[in-house]
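Q: If you want the building blocks of each chain, they are given just below.
There are 4 protein chains.
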Amino acid sequence: MEILQWNKILIPYEQAVEELKVKFKAIRNELRATNEYSPIEFVTGRVKKVSSILEKAKKYGVSTEEIEEKIEDIAGIRIMCQFIDDIYKVRELIRQRDGKDLRIVYEKDYIQNKKESGYQSYHIIIRYPIQTAFGEKEILAEIQIRTLAMNFWATIEHSLNYKYKENIPEKIRERLKKSAEAAQRLDMEMWEIRDEIINAQKLFEAKSNT
Amino acid sequence: MEILQWNKILIPYEQAVEELKVKFKAIRNELRATNEYSPIEFVTGRVKKVSSILEKAKKYGVSTEEIEEKIEDIAGIRIMCQFIDDIYKVRELIRQRDGKDLRIVYEKDYIQNKKESGYQSYHIIIRYPIQTAFGEKEILAEIQIRTLAMNFWATIEHSLNYKYKENIPEKIRERLKKSAEAAQRLDMEMWEIRDEIINAQKLFEAKSNT
Amino acid sequence: MEILQWNKILIPYEQAVEELKVKFKAIRNELRATNEYSPIEFVTGRVKKVSSILEKAKKYGVSTEEIEEKIEDIAGIRIMCQFIDDIYKVRELIRQRDGKDLRIVYEKDYIQNKKESGYQSYHIIIRYPIQTAFGEKEILAEIQIRTLAMNFWATIEHSLNYKYKENIPEKIRERLKKSAEAAQRLDMEMWEIRDEIINAQKLFEAKSNT
Amino acid sequence: MEILQWNKILIPYEQAVEELKVKFKAIRNELRATNEYSPIEFVTGRVKKVSSILEKAKKYGVSTEEIEEKIEDIAGIRIMCQFIDDIYKVRELIRQRDGKDLRIVYEKDYIQNKKESGYQSYHIIIRYPIQTAFGEKEILAEIQIRTLAMNFWATIEHSLNYKYKENIPEKIRERLKKSAEAAQRLDMEMWEIRDEIINAQKLFEAKSNT
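Protein chains in written order, with numbering that gives the first Met the number 0: chain A, 0 to 209; chain B, 0 to 209; chain C, 0 to 209; chain D, 0 to 209.
None of the hints are false.
It does not matter which identical chain is used: a pair holds within one copy or between any two.
Dumping the calculated BS3-like pairs for lysine-lysine here, alpha-carbon to alpha-carbon at most 27 Å:
hint, residue 1, residue 2
1, Lys7, Lys162
2, Lys136, Lys99
3, Lys24, Lys162
4, Lys177, Lys113
5, Lys88, Lys162
6, Lys69, Lys164
7, Lys20, Lys7
8, Lys7, Lys48
9, Lys57, Lys47
Rather than coming from a laboratory, the hints here were simulated on the basis of the structure.
All chains, please: the whole structure from these sequences, using the hints.
A: As structure tokens, this is what we get:
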């Protein structure tokens, strides 16, 4: 397929990514504007590059015609959270929209079920309808929800996979696993502080009500 | 009502304006990416300031409870076009979405029916559903569609109205009308060039098909 | 020259355009934040596309090595004003910076000396120093200052020139000139209103001082 | 001092933050566009809120007249890095500009000299000249350079300090220190992987040169 045709195919995905970024950022702004805690720290999004789409299609034996139906992360949204439990709060916010402005296809919990490599993240695959200049269309999109530490680790693993073409040497893979553990420990420490704070607050509120 | 409460009321309008700006800009980008002419030149949006909302409510005898139902331009989108006929193409694009991601309430054609002051613009009042951090909500929004010349004139009239508190002196009002005519003449001249071009192209295509 | 090399050449121009946009927008924001009138209505900027640079180089017989020194509008900034006299106020603002964060090379006044085609605009060619990841560099940039009406006309002339490859048919060229006159009349009408307002204000102030 | 006066004082700081953000983001873009590694991962910036400026002035006994000369972080830029050694590369990039578009006042290395609380970051205080609508001005700005893990920890410490008004309870302070250690361990693990990669690459290059 030619570049121009690819551009035309990818345009609705660009639009979907822009819309979804605005929507998830709005949730954060809304909560902060009303002095409530936002489980969303920041949001990024991207459309997969043509070369990466073709590579993935080749790897999984997906024909050109099937690409839009089989490759689920052409449109990708990433939501970063401060604490592990925020991830599940964001999941709830998305589930509440199911059947409204989006439809959940399935979910993958790589936090309860950490990948062999050390990768942690919560994925939700959705169908998202958009109105384009050429009519209505429904596309697939992948939402990844993670803590900042998980994201930091995943970014580095991603560049190593890119560098080593998915064949990271054993020695470095070991180190990566160790650093995944360090990232996880950081998340656990943070989570425990958070717990402490909530307990301290409850104690304080209980006192002021007597 | 207090500032904080106003903030909470206006948040969904902010979100709607952001979403609608993304959506109309997407139409322009989609058409240009496929080498097609875009009737949309650029898009702006704003949420009305609290002070302006209260002023308008007072002027039209709208009670605080009725504000969200009676004041239709709290969320405002402005779409600028190069040529007069583009305005009606944009209107068609919006009408095609009616019942999909928005609902048209009514339309006002201040181009066929120019205001006494010289004001020209096409207004579409819509209902627009959004998913907020606190659940679903449907808000009213006003979409204004105009040429660049109409917009230029309207901007200046607006600042004069602001300066003179809606009591523009007769002499200046006369001048404003004259400049509205100059703006209109510019639009007509441009529209005629456009017509010429389209005719020239048709001639050319007709030739190359024989 | 290859694409990658071109990218490297154009990067400092991208940076210059970003910096200059921020700087001229800041002037507008500063004046408005202090309730003063801003002669700058809005600011856009762009880096010339490689294909357009090569075309221009060919047209004027500029060799690849001379491009950066001979083609003055690789980095382009456009400043739009509401009124004709604002253009000269913006020129003063730029002249005051001469020898500070930029150096003026020369100026072209296509307002006093309208082009045959009807084109009107004020051009200032500057040298602008930037700090890049690879060290210091000084680039050429062109600043175009115009009213909204001049800009509207120029945009349309530009697309016609593009369409007809600089050979706009006589009949359309005539129409274009007529519309340039309509644009100019609009600017004159607006300028006269502005004069009226200033007079009205002086009258008012004179009154309130007695 | 009144709000309006404060606005006027803070405007040049807003401009400086915008310019510096554009400049440091440009470095990242320039390196990435030429396939080189960027020590800058992302850049944020903010102008201190009036209430925070007044609080800090009160705390350190700074009079209103001295504020601009004594409070060094009214304009704040934060540069995030992937690896610890990137911090020192960014420092070099800034030192190379000393005397060009900025002047370094002094530096504070809270990485070699970690704060008692666990806080880690590299601070550079600069003087930065800007051209405003009202003439030239030189302001003070603080640049903070940190890894993503350091930034994550600092964000949480900051919100706890805010919540407890600088009096974080002993028990939570202990937990915070522990999590600072976890963050540091993550940075060390990452830094070691990075080292491994560089070694692996050297080995590879050495091989391909024989």
